[in-house]
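Trainee: These are the residues of each chain, in order.
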Amino acid sequence: MSHVTRETLAAAAKRDLEAILQRGKPLTPKERLAIVPQEMPTQDPQVRRRTMSEVALGYTAEQSRLESLRCLQCRNAPCVEGCPVRIDIPAFVKAAGEGDIQAAIGIIKRNSLLPSVCGRVCPQETQCQENCTVGKALKDTAKAVAVGRIERFVADWEREQGKALPPSVKPETGRKVAVIGTGPASITVAADVRREGHQVVMFEAFHKPGGVMVYGIPEFRLPKRIVEAEISALQAMGVEVRTNFVIGRTRKLRDLLDKDGFDAAFVGTGAGLPKFMGIEGENLVGVFSANEYLTRVNLMKAHDFERADTPIFRSRVVAVLGGGNVAMDAARTAVRLGAEAVHIVYRRTEKEMPARIEEVGHAKEEGVIFHLLENAKRIVGDEQGLVTGMECLRYELGEPDASGRRRPVEVKGSEFIMPVDTVIVAIGNDSNPLIPRTTGGLQVTKWGNIIVDDTGKTSIDRIYAGGDIVLGAATVILAMGEGRRAAASINALLKG
Amino acid sequence: MNAPPFPAIIPGYYRYSYRLILMNRILSKTQLSDDVFMMKVEAPLIARERLPGQFIILQINNDFGERIPLTIADADAEQGWIAIIFQTVGRTTHLLAEKNVGDTIESVLGPLGHPTHIERVGTVVCVGGGIGVAPLHPIVKGMKAAGNRVIVIMGARTKSLLIMEEQMRALADELIICTDDGSCGRKALVTEPLKEICGREPKPACVVAIGPPIMMKFCAEATRPFGVRTLVSLNTIMIDGTGMCGGCRVTVGGETKFVCVDGPEFDGHKVDFDNMMKRLKAYRRQEEHAHEQCHLEQAARQKGAAVA
Chain A
1 MSHVTRETLA AAAKRDLEAI LQRGKPLTPK ERLAIVPQEM PTQDPQVRRR TMSEVALGYT
61 AEQSRLESLR CLQCRNAPCV EGCPVRIDIP AFVKAAGEGD IQAAIGIIKR NSLLPSVCGR
121 VCPQETQCQE NCTVGKALKD TAKAVAVGRI ERFVADWERE QGKALPPSVK PETGRKVAVI
181 GTGPASITVA ADVRREGHQV VMFEAFHKPG GVMVYGIPEF RLPKRIVEAE ISALQAMGVE
241 VRTNFVIGRT RKLRDLLDKD GFDAAFVGTG AGLPKFMGIE GENLVGVFSA NEYLTRVNLM
301 KAHDFERADT PIFRSRVVAV LGGGNVAMDA ARTAVRLGAE AVHIVYRRTE KEMPARIEEV
361 GHAKEEGVIF HLLENAKRIV GDEQGLVTGM ECLRYELGEP DASGRRRPVE VKGSEFIMPV
421 DTVIVAIGND SNPLIPRTTG GLQVTKWGNI IVDDTGKTSI DRIYAGGDIV LGAATVILAM
481 GEGRRAAASI NALLKG
Chain B
1001 MNAPPFPAII PGYYRYSYRL ILMNRILSKT QLSDDVFMMK VEAPLIARER LPGQFIILQI
1061 NNDFGERIPL TIADADAEQG WIAIIFQTVG RTTHLLAEKN VGDTIESVLG PLGHPTHIER
1121 VGTVVCVGGG IGVAPLHPIV KGMKAAGNRV IVIMGARTKS LLIMEEQMRA LADELIICTD
1181 DGSCGRKALV TEPLKEICGR EPKPACVVAI GPPIMMKFCA EATRPFGVRT LVSLNTIMID
1241 GTGMCGGCRV TVGGETKFVC VDGPEFDGHK VDFDNMMKRL KAYRRQEEHA HEQCHLEQAA
1301 RQKGAAVA
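Sequence order for the protein chains is A and B. In case it helps, our numbering puts the first sequence at residues 1 to 496. In case it helps, our numbering puts the second sequence at residues 1001 to 1308.
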């Protein structure tokens, strides 16, 4: 696929929009379906392979309006059903189509707190856009109304215009809530609880707040200034953020409630314990968890060889194990750090890959090589303990398993060695055991996820939890939905 | 506190609110040898919670600085300070050594890791090599307070590199000093007296060894034939220190463990030291370059100061 420049896309959109506006009469559904789906302008793949700056450049004003006009305004709004936080999608898209960006963002913000983030990282193709009537009519989910891109445009517009006012805060109630973690679930809880006039203190173990949005998701997918703006907005509401503070160690969770005067606590510490394959050679030098690799670059800025003190392994040939968004992020980061070849090794096929289609596409455009139906058997190294290669096995698809996906079955005797000097393991995360281990009476599943009831409450009174620590590794939007629910419960608790 | 007037976007704005809470001010600084320093740092929250065996993670510059694990040599919960002892080996420790009393450290996180399991077991041998004596100090204190008889073996290359000798002498029931060159105490490696003590009747109940990996490896080998339980405290490469990155993983008894959340103490007889030592060298080339750069910059600064 050849790269189309932003200028070309902008000019085409401008021309098409003017033609529609000049007619001065409402569009028929057939005409709406005939509007060209607006492509997301991106940096040229050859250029972006060497820079950390954001790949997707965002719609122009005309593109946003034009794309919004493709919406049929279905009465039953199937898109809303697909949205974990039930944004009134037809309403905000309608406003965006009329060019009333302020109204559009206002509608989104009734349900979502992080539209700039979600517009970028939500898996829309399996949520709102999967159900879109336009996509169905055109027999292609990729041709559904690009709800996420419009959301991103209106949210960015608001921020860039300096019009993002913090939500108003009710008079102080004198009640105090601790929020553990500063990722998406925690940000949501902090905002919703603070709005009701309760004092909120957020605790972050790292030196910068934002959780996975800061250490995990790379700059080229989610610029850090956006996350900083969200945190600044919380602080402007009066939320206090304490960094370098690890609950369970710097202070026990129960002590916050029993000794420090907090009335309730929310645990949103995420799924932060990287899984490994458990294969031979996994502790050789040159094998990293995706968490480590990405944190070195995103949080510690190791890609800035001149200024950063944190080193990063200088790889020539990299294999990334896994097929999710994190695997794509790690592979694309390795490309940007100058690796000669980057391979994704995934034991199923592309159809089963949990990564967003767009991310898989971007990775391919940037030259990442995909090895499907293959998996690592062991990692081999030299006498200094450095990785020299990875022994792989080929797979074929067998009968469907419990997840409904066809189970990959290994092909006997298909072993082969892939010469690599770096292996990045991106097969998911378990939940971090620090809080359950240091909080007596906190019930967890056998996988270590905190058990909550349908109000988000844990087995301990006044302690709530949500996000990946409850769900297992999931998405920003699901974490936000969890946060909303817990915040509502906390607010109800403190009211009584 | 009133909410500040809303700034739409002020990059880095959020940094200022927490500095007020956690200043991490340096209260005292002592140079223990050519490249070893001790600092007392104001850290009331860590001082309150920390127990022997735990460590901190420190960072000088929140934008481009590295996060490094450092052991806690001492602490006072009443006065709200912790003491750290460090050797200038990388960029962060060099920058830290240039700081003075009254300066602050941007990030100090802790206390991290499992505390040492301390109980009355009888005779405990505590072996410290180089600056490994620093984290050993609170363990010796704790073991002593629990009612154990504590034998301390301290080792260093030469006399000038021995640290905390006085403190150890005050605590230990028996203190054995070894230097490689014989400039102080016995001219021997720490494993020599360790083997002798393990041969005594009754055998010591437990050995705690902290120091360079190679020393811990040979301490474990020394005690193995005697079947004396031997704890080692590992100091590996780390980023977050809370279990998130897995950079600190080691092989213990054939299983992968994270030093930050499963450790830092492990059964020395089960640790794969060879793998650990190889992993510690992962960034050797970049580290050597950074070290060289540090000294060049330092020299340039001193030259500049002399000219001015």
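If you're looking for bench data, these hints aren't it; they were derived computationally from the structure. Check the hints yourself; a few may be wrong.
Said to hold, decoys possible - List of simulated lysine-lysine pairs, DSS-like, C-alpha gap at most 25 Å:
| no. | chain 1 | residue 1 | chain 2 | residue 2 |
| --- | --- | --- | --- | --- |
| 1 | B | 1203 | B | 1141 |
| 2 | B | 1257 | A | 275 |
| 3 | B | 1270 | A | 275 |
| 4 | A | 94 | A | 14 |
| 5 | A | 446 | A | 176 |
| 6 | B | 1270 | B | 1281 |
| 7 | A | 377 | B | 1141 |
| 8 | A | 252 | B | 1159 |
| 9 | A | 446 | A | 252 |
| 10 | B | 1141 | B | 1217 |
| 11 | B | 1278 | A | 275 |
| 12 | A | 457 | A | 495 |
| 13 | A | 351 | A | 139 |
| 14 | A | 364 | A | 351 |
| 15 | B | 1187 | B | 1159 |
| 16 | A | 446 | A | 275 |
| 17 | A | 301 | B | 1281 |
| 18 | B | 1099 | A | 301 |
| 19 | A | 139 | A | 30 |
| 20 | A | 224 | A | 109 |
| 21 | A | 377 | B | 1203 |
| 22 | B | 1257 | B | 1281 |
| 23 | A | 25 | A | 94 |
| 24 | B | 1278 | B | 1217 |
| 25 | B | 1257 | A | 446 |
| 26 | A | 301 | A | 224 |
| 27 | A | 457 | A | 143 |
| 28 | A | 275 | B | 1281 |
| 29 | A | 446 | A | 457 |
| 30 | A | 377 | A | 275 |
Trainee: Are the hints correct? Go through all of them and say.
Mentor: Here is what the structure says about each hint:
1. For a cut-off of 25 Å, the pair hint linking residue 1203 (chain B) to residue 1141 (chain B) stands: about 21 Å separates their Cα positions.
2. Distance restraint check for residue 1257 (chain B) and residue 275 (chain A): the Cα-Cα separation of roughly 12 Å lies within the 25 Å cut-off, and the hinted pair is therefore satisfied.
3. A C-alpha spacing of about 22 Å is found between residue 1270 (chain B) and residue 275 (chain A), which places the hinted pair at or below 25 Å, so the restraint holds.
4. Straight-line distance between C-alpha atoms of residue 94 (chain A) and residue 14 (chain A) comes to about 18 Å, which keeps the hinted pair within the 25 Å bound.
5. Annotation: proposed proximity of residue 446 (chain A) to residue 176 (chain A) is violated, straight-line Cα distance about 32 Å (limit 25 Å).
6. Pair hint residue 1270 (chain B) plus residue 1281 (chain B) holds up; C-alpha atoms about 21 Å apart against a cutoff of 25 Å.
7. Restraint check: the Cα-Cα separation between residue 377 (chain A) and residue 1141 (chain B) comes to about 48 Å, which exceeds 25 Å; the hinted pair is violated.
8. Restraint check for residue 252 (chain A) and residue 1159 (chain B): not satisfied, since their Cα atoms lie roughly 42 Å apart, outside the 25 Å limit.
9. With a C-alpha separation of about 22 Å, the suggested pairing of residue 446 (chain A) with residue 252 (chain A) holds against the 25 Å cut-off.
10. A threshold of 25 Å between alpha carbons decides the hint, and for residue 1141 (chain B) with residue 1217 (chain B) the separation of about 24 Å falls inside it, so the pair holds.
11. Our distance criterion of 25 Å between C-alpha atoms is met by residue 1278 (chain B) and residue 275 (chain A), whose separation comes to about 22 Å.
12. Distance check on the hinted pair: residue 457 (chain A) and residue 495 (chain A) sit about 16 Å apart at the alpha-carbon level, within 25 Å; holds.
13. The straight-line distance between the Cα atoms of residue 351 (chain A) and residue 139 (chain A) is roughly 17 Å, inside the 25 Å bound, and the hint therefore holds.
14. Of the supplied pair hints, the one linking residue 364 (chain A) and residue 351 (chain A) holds, its CA atoms being roughly 15 Å apart against a limit of 25 Å.
15. For the suggested pair residue 1187 (chain B) and residue 1159 (chain B), the alpha carbons sit about 11 Å apart, so the restraint of at most 25 Å is met.
16. The suggested pairing of residue 446 (chain A) with residue 275 (chain A) holds, with an alpha-carbon distance near 15 Å, which does not exceed 25 Å.
17. Among the hinted pairs, residue 301 (chain A) with residue 1281 (chain B) is consistent with the structure: their alpha-carbon atoms are about 21 Å apart, no more than 25 Å.
18. Proposed proximity of residue 1099 (chain B) and residue 301 (chain A) is supported: the alpha carbons are some 24 Å apart, at most 25 Å.
19. Distance restraint check for residue 139 (chain A) and residue 30 (chain A): the Cα-Cα separation of roughly 15 Å lies within the 25 Å cut-off, and the hinted pair is therefore satisfied.
20. Straight-line distance between C-alpha atoms of residue 224 (chain A) and residue 109 (chain A) comes to about 20 Å, which keeps the hinted pair within the 25 Å bound.
21. Using a Cα cut-off of 25 Å, the hinted pair residue 377 (chain A) and residue 1203 (chain B) is violated, with the two alpha carbons roughly 45 Å apart.
22. Under the criterion of a C-alpha separation no larger than 25 Å, the hint pairing residue 1257 (chain B) with residue 1281 (chain B) is consistent with the structure, at around 18 Å.
23. Distance restraint check for residue 25 (chain A) and residue 94 (chain A): the Cα-Cα separation of roughly 15 Å lies within the 25 Å cut-off, and the hinted pair is therefore satisfied.
24. As the CA atoms of residue 1278 (chain B) and residue 1217 (chain B) are separated by approximately 13 Å, the hinted pair is consistent with the 25 Å bound.
25. A threshold of 25 Å between alpha carbons decides the hint, and for residue 1257 (chain B) with residue 446 (chain A) the separation of about 19 Å falls inside it, so the pair holds.
26. The straight-line distance between the Cα atoms of residue 301 (chain A) and residue 224 (chain A) is roughly 11 Å, inside the 25 Å bound, and the hint therefore holds.
27. Note on residue 457 (chain A) and residue 143 (chain A): the hinted pairing is violated, with a Cα-Cα distance of about 40 Å set against a maximum of 25 Å.
28. With a C-alpha separation of about 23 Å, the suggested pairing of residue 275 (chain A) with residue 1281 (chain B) holds against the 25 Å cut-off.
29. Between residue 446 (chain A) and residue 457 (chain A) the CA atoms are separated by roughly 18 Å; this keeps the pair inside 25 Å, and the hint holds.
30. Distance hint between residue 377 (chain A) and residue 275 (chain A) is fulfilled; the C-alpha atoms sit about 16 Å from each other, no more than 25 Å.
Hint compliance for this structure: hints 5, 7, 8, 21 and 27 are not met, and every other hint is.
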